[in-house]
Amino acid sequence: MTVSARALPGNQLGLRARRAARRVWMPDAGTVFLAAITAAAAAAPLLARYAPMEMSKAAVLALPSWSHLAGTDQFGRDILSRLLYGARIALAIGAGSTAVAAVCGVPLGLWTGFKGGAVDAVAMRAVDTLLAVPPVLLAMALVAVVGPGSVNAGVAIAIVGLPQFARIARAGVLTHREMEYVEASVAAGARDARIVFRTILPNVLSPVLIQIPIGVSRAILLEASLSFLGLGTQPPQPSWGLMISESREYMYAAPWYGIFPGVLIALTVLALNHAADRVRARRSPDRAR
Amino acid sequence: MAGGLGRYLVRRGIEAALTLFLASVLVFAMVAALPGDPAQVILGDRGTPDQLRALRAYLGLDRPLPVQYGAWIARIAHGDLGHSLINGAPVSDLVGHALPMTLQLSLWAFAVVVVIAFPAGMFAATRPRSPLATALRWYHGWALAVPVFWLGAILSWYFGVVLRWLPPSGFVGLAESPSGWARSLVLPGVTLGLGVGSVMARFVEASLGDVLSNDYVRTARAKGLPGRAVVWRHALGNALIPIVTVLGIQAGFFIGGAVITEAVFAIPGLGSMLWRSILTRDYLVTQSVILVGIAAFVVINLCTDALYGLLDPRVRYQ
Numbered sequence: 002m003t004v005s006a007r008a009l010p011g012n013q014l015g016l017r018a019r020r021a022a023r024r025v026w027m028p029d030a031g032t033v034f035l036a037a038i039t040a041a042a043a044a045a046p047l048l049a050r051y052a053p054m055e056m057s058k059a060a061v062l063a064l065p066s067w068s069h070l071a072g073t074d075q076f077g078r079d080i081l082s083r084l085l086y087g088a089r090i091a092l093a094i095g096a097g098s099t100a101v102a103a104v105c106g107v108p109l110g111l112w113t114g115f116k117g118g119a120v121d122a123v124a125m126r127a128v129d130t131l132l133a134v135p136p137v138l139l140a141m142a143l144v145a146v147v148g149p150g151s152v153n154a155g156v157a158i159a160i161v162g163l164p165q166f167a168r169i170a171r172a173g174v175l176t177h178r179e180m181e182y183v184e185a186s187v188a189a190g191a192r193d194a195r196i197v198f199r200t201i202l203p204n205v206l207s208p209v210l211i212q213i214p215i216g217v218s219r220a221i222l223l224e225a226s227l228s229f230l231g232l233g234t235q236p237p238q239p240s241w242g243l244m245i246s247e248s249r250e251y252m253y254a255a256p257w258y259g260i261f262p263g264v265l266i267a268l269t270v271l272a273l274n275h276a277a278d279r280v281r282a283r284r285s286p287d288r289a290r
Numbered sequence: 012m013a014g015g016l017g018r019y020l021v022r023r024g025i026e027a028a029l030t031l032f033l034a035s036v037l038v039f040a041m042v043a044a045l046p047g048d049p050a051q052v053i054l055g056d057r058g059t060p061d062q063l064r065a066l067r068a069y070l071g072l073d074r075p076l077p078v079q080y081g082a083w084i085a086r087i088a089h090g091d092l093g094h095s096l097i098n099g100a101p102v103s104d105l106v107g108h109a110l111p112m113t114l115q116l117s118l119w120a121f122a123v124v125v126v127i128a129f130p131a132g133m134f135a136a137t138r139p140r141s142p143l144a145t146a147l148r149w150y151h152g153w154a155l156a157v158p159v160f161w162l163g164a165i166l167s168w169y170f171g172v173v174l175r176w177l178p179p180s181g182f183v184g185l186a187e188s189p190s191g192w193a194r195s196l197v198l199p200g201v202t203l204g205l206g207v208g209s210v211m212a213r214f215v216e217a218s219l220g221d222v223l224s225n226d227y228v229r230t231a232r233a234k235g236l237p238g239r240a241v242v243w244r245h246a247l248g249n250a251l252i253p254i255v256t257v258l259g260i261q262a263g264f265f266i267g268g269a270v271i272t273e274a275v276f277a278i279p280g281l282g283s284m285l286w287r288s289i290l291t292r293d294y295l296v297t298q299s300v301i302l303v304g305i306a307a308f309v310v311i312n313l314c315t316d317a318l319y320g321l322l323d324p325r326v327r328y329q
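Quick note, the sequences are listed as chains A and B, same order.
Counting from 1, position 108 in the first sequence corresponds to residue 109 in the numbering used here; the numbering is continuous, with no gaps.
Counting from 1, position 250 in the second sequence corresponds to residue 261 in the numbering used here; the numbering is continuous, with no gaps.
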């Protein structure tokens with residue numbers, strides 16, 4: 002790294018320049034992929050050459066070609082189009098359920114952490130119980146009660162993800178509750194809600210921001226798993242997990258049918274996990290309050 | 012000193028019992044929450060009016076909910092988990108038949124986890140800047156991102172159908188044929204263990220790396236102990252403590268993964284049973300298997316907590 006001559010005395014200017022450079026957030030391969038897949042999912046109706054449910058008796062289980070870039074499935078439906086619409090389902094359910102989990106879980110954690118006492122004890126018992134149930138099992142149990150389907154799976158996944166956000170928010174509150182700026186707010190006569198939102202929330206933001214991409218990646222895997230088992234998105238909808246399930250029968254004749262959706266899931270999850278790592282790295286040394 | 016350990020174990024035991032109790036209420040609510048008349052919903056079109064009446068009496072639906080719950084717990088305590096609505100078999104029999112297969116699958120997967128996690132983690136902790144360590148880090152990222160069911164499907168197809176080295180699905184009993192048993196569990200074991208193996212490898216690396224930077228390790232090295240002795244004698248024991256705890260938490264992903272793996276490889280264990288029961292709306296089976304799954308997770312974590320208490324002397328002084 003070059004150091005300008007002006008930076009020599011006490012290295013002040015060089016240090017500032019380096020800090021500023023670190024603050025600039027450069028997109029890397031993972032970010033580019035996430036942006037691309039989100040854009041592709043949003044623009045699916047425009048990008049997809051065929052309708053996702055459009056069948057064709059002529060081209061069943063066709064090899065990838067110019068007319069069908071990813072081949073066709075057992076009903077002659079274009080796989081690439083279905084992958085694009087599958088991205089919509091994966092991202093919608095993944096992001097949607099995580100958003101619900103965060104919006105419900107964070108305030109809950111903030112409130113019980115701040116209040117303390119019996120309210121906190123009871124709420125945390127409930128949260129710990131939900132966390133004691135293996136995620137797949139909990140999702141399956143919820144779906145067993147409400148029935149299969151995309152929306153139901155989304156709700157179940159939101160419930161699975163909620164406890165973690167509550168825990169994180171509560172931990173943030175417990176760390177900062179005793180700090181002086183909070184005591185100052187109380188002394189100044191601020192109401193509970195104001196204290197929570199103005200002073201504690203910004204400090205809770207960091208771990209919550211890290212948890213969000215992790216939550217989305219877990220939600221996408223969970224939705225794919227549920228759909229694979231026939232408990233989530235129902236046919237003929239093109240969920241990636243469902244496509245993998247349907248492709249098993251034809252793996253010998255058309256392996257690309259099962260390989261493509263799996264690769265997309267893995268790439269998306271990998272990109273999200275990587276994004277979480279980046280957020281964690283950025284917010285630790287620079288922004289620690 | 013032993014009193015501290017005893018208090019720790021009792022406290023953990025009480026917490027586990029409380030969690031299990033609350034979880035059982037949740038599981039009970041599963042069936043109680045079914046819209047409409049639970050007996051009607053459970054039997055669906057299959058029920059004759061006589062069967063409906065019998066089921067209502069059995070479930071005690073005319074009594075208040077807490078009484079129903081108490082009766083359900085009492086039945087479970089006596090080993091009565093209900094009956095399957097498909098074939099009328101007692102659920103306890105079905106569970107008894109399916110559980111060993113799930114346990115054997117878990118054993119193989121656990122072996123895979125240990126084989127991956129310790130060598131990879133220990134290597135990465137001792138030589139963190141080597142190209143192999145970087146490659147491992149990259150590999151772990153992928154191993155965690157790949158969906159379990161897809162990995163199973165690909166392995167089953169490639170090694171089972173294309174290469175024909177191993178059976179693509181099914182389960183061969185140990186009594187029937189030891190080699191057949193082993194061959195039928197290799198692919199499922201790898202499928203289930205690969206992901207958790209990478210999680211544990213990362214954790215072993217972090218935990219061991221943490222311990223290796225401690226002062227007493229520097230002392231050991233300064234004493235002139237060869238690297239290997241330092242790692243094995245001094246560092247690993249202390250690093251094992253948090254590893255054991257994390258393994259308990261990972262059991263949850265294990266249990267969930269077992270359901271998916273059994274579905275992919277058509278192994279008739281508890282996971283398959285749960286899956287089939289949800290698809291066929293066999294609610295009493297679903298309820299019982301979920302309860303068994305949660306109980307297993309709570310008990311496993313209690314055991315790792317106990318192990319942690321035994322391994323880490325600091326716990327006894329709390």
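These aren't lab readings, by the way, just hints derived from the structure by calculation.
Please note that the accuracy of each hint is not assured.
Between beta-carbon pairs, the in silico distance windows are [to be verified]: (1) B:Val36 to A:Trp26: 45 to 51 Å; (2) B:Thr291 to A:Ala93: 25 to 31 Å; (3) A:Met27 to B:Trp153: 21 to 27 Å.
Just so you know, even glycine gets a beta-carbon here, dropped at the ideal spot from N, CA and C.
Results of checking the hints against the structure:
Distance hint check: the CB atoms of Val36 (chain B) and Trp26 (chain A) are about 46 Å apart, consistent with the given range 45 to 51 Å. Thr291 (chain B) and Ala93 (chain A) have their C-beta atoms about 29 Å apart, which keeps the hinted 25 to 31 Å range intact. With their beta carbons about 23 Å apart, Met27 (chain A) and Trp153 (chain B) fall inside the hinted range of 21 to 27 Å.
Hint compliance for this structure: every hint is met.
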